[in-house]
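Could you build the full structure based on these sequences and the hints that come with them?
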Amino acid sequence: MYIPILKDCAFDMHELAVTEDILKIALEEAEKYNTNRISDIFLTIGRLSSIVDDSIQFYWDHISKDTLCEGALLHFNRPPAVFKCNKCGQEYEILDDLLPCPACKSFDLEILSGNEMQVDNIEIETEGKDEPES
Amino acid sequence: MNQKVEIVRKILDSNDRLAAENRKRLDALKILGLNVMASPGAGKTSFLLKTIERLPESIHLGVIEGDTAPVTIDADKIVAQGVPAVQINTGGECHLDAVMTEMALDQLPLDDLDLVIIENVGNLICPAVFALGTHKNILIASIPEGDDKPYKYTNIYRGIDVLIINKIDLLPYLEFRMDYFKQGVAALNPRLVCFELSSKTGEGFDAWMAWLIAEVAKTKTV
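First to last, the sequence lines map onto chains Z and C.
Start counting the first sequence at 83; every next residue gets the next number (the numbering used here).
Start counting the second sequence at 8; every next residue gets the next number (the numbering used here).
Just so you know, not all the hints are guaranteed correct.
Under the rule of at most 30 angstroms between Cα atoms (straight-line distance), these lysine-lysine pairs were calculated in the DSSO-like manner [what the hints assert, rightly or not]:
| hint | chain 1 | residue 1 | chain 2 | residue 2 |
| --- | --- | --- | --- | --- |
| 1 | C | Lys17 | C | Lys143 |
| 2 | Z | Lys114 | C | Lys17 |
| 3 | C | Lys11 | C | Lys143 |
| 4 | C | Lys17 | C | Lys31 |
| 5 | C | Lys156 | Z | Lys166 |
| 6 | C | Lys159 | Z | Lys187 |
| 7 | Z | Lys147 | C | Lys17 |
| 8 | C | Lys37 | Z | Lys147 |
Pair by pair, the computed Cβ-Cβ distance ranges are [unchecked claim]:
| hint | chain 1 | residue 1 | chain 2 | residue 2 | range |
| --- | --- | --- | --- | --- | --- |
| 9 | Z | Glu192 | C | Asp23 | 17 to 25 angstroms |
| 10 | Z | Asp136 | C | Gly99 | 18 to 26 angstroms |
| 11 | C | Met185 | Z | Ser195 | 36 to 44 angstroms |
| 12 | Z | Asn116 | C | Val229 | 48 to 56 angstroms |
What the simulated footprint calls covered on chain Z by chain C, stretch by stretch (three residues with Cβ under 8 angstroms from a Cβ of chain C suffice, anywhere in the stretch; the number is not a length) [unchecked claim]:
| hint | segment |
| --- | --- |
| 13 | 147 to 154 |
| 14 | 182 to 196 |
No lab work stands behind these hints, which were simulated from the structure alone.
Here a beta-carbon is modelled for each residue, glycine too, at the ideal position from N, C-alpha and C.
Printed below as a string of structure tokens:
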């Protein structure tokens, strides 16, 4: 029995893959418009997403070089997770730590949100350029 | 002049889509795919070896081993048991993703297999973010890691279907509050299936093997 070995690129943490996807999405969307610079990118990344803002920013500064996104500001919206207590129905928000229901202390919980990871919108410079094509 | 462009696009959507393709591929061949995650040292490979030892001959297994370093230590052990294995060296990356999984599946003799087990990179954070296309996500927690892990690594506990509590033979020697541990797990994931076992002594493996064999059979009849 043989063991094939697959080598992949020398990446680091998962935030790199996330950052690359943000860049890809921004460039794809900007292509639909007549622009030569993307100035701002607005992201929503839920608190349960295991994503560190600083990490994204670090990778961003490197991989956005020499693209329309170079120097673009990243804006992070980090909404808290929303839990619902299955015992008493109380809904409450959690920032980082897992906490029991504040009303009845139950740990029988349902997670309503907190895992979002999306590019909400981008801001592009259109000075001296024509109106969007579409 | 600046113009705001509404987008609202999911990040890592392409990984999710490729994962769905991997799943379709496994489904078409009636292969059960398992993604085994754990911290380094939780006993993923020992668990796998014990599982291989007890696997009925009628179930043909293929293994994908994920590691950050260019070593084949784990895959060597699997192959020594007569099981086909593919080693993925992620080159420092902390997790497997759907692309690597697809490449690894290409290398396995899928037509002959009933079960593919993927041993993810040892890490409790990153692997939880990337779907591979497997049917079940399995987490191995081990007693020496401590009983507070569900409270600290909530994301991975939320995304799993099966929890293996490994190294229970060490319970008499370590302070591990099983109640506290399970309370955290139940809060995050009340519906998961849990097995307490020891890959060293084999204690608790009967229940796990029964589950595994039943799941493989279920995949065949779908």
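Status of the hints after comparison with the structure:
1. A distance of roughly 23 angstroms separates the Cα atoms of Lys17/C and Lys143/C; the hinted pair therefore holds under the 30 angstroms criterion.
2. At most 30 angstroms may separate the alpha-carbon atoms for a hinted pair to count; Lys114/Z and Lys17/C meet this at roughly 18 angstroms.
3. With a C-alpha separation of about 41 angstroms, the suggested pair Lys11/C and Lys143/C falls outside the 30 angstroms cut-off, and the hint is violated.
4. At most 30 angstroms may separate the alpha-carbon atoms for a hinted pair to count; Lys17/C and Lys31/C meet this at roughly 22 angstroms.
5. Our distance criterion of 30 angstroms between C-alpha atoms is met by Lys156/C and Lys166/Z, whose separation comes to about 22 angstroms.
6. For a cut-off of 30 angstroms, the pair hint linking Lys159/C to Lys187/Z stands: about 19 angstroms separates their Cα positions.
7. Only pairs whose Cα atoms come within 30 angstroms are accepted, and Lys147/Z paired with Lys17/C is accepted, the gap being roughly 23 angstroms.
8. Between Lys37/C and Lys147/Z, the direct Cα distance comes to roughly 45 angstroms. Violation of the 30 angstroms bound is thereby established for this hinted pair.
9. The supplied range of 17 to 25 angstroms is met by Glu192/Z and Asp23/C, whose beta-carbon atoms lie about 23 angstroms from each other.
10. Between Asp136/Z and Gly99/C the C-beta distance comes to about 19 angstroms, which sits within the given range of 18 to 26 angstroms.
11. Separated by about 31 angstroms at the C-beta atoms, Met185/C and Ser195/Z break the suggested range of 36 to 44 angstroms.
12. Distance hint check: the CB atoms of Asn116/Z and Val229/C are about 50 angstroms apart, consistent with the given range 48 to 56 angstroms.
13. Look at the segment 147 to 154 of chain Z against chain C: 0 of its residues bring a Cβ nearer than 8 angstroms to a Cβ of that chain, fewer than three, so the hint is violated.
14. With 5 residues having a Cβ less than 8 angstroms from any Cβ of chain C, the segment 182 to 196 of chain Z passes the three-residue criterion, so the hint holds.
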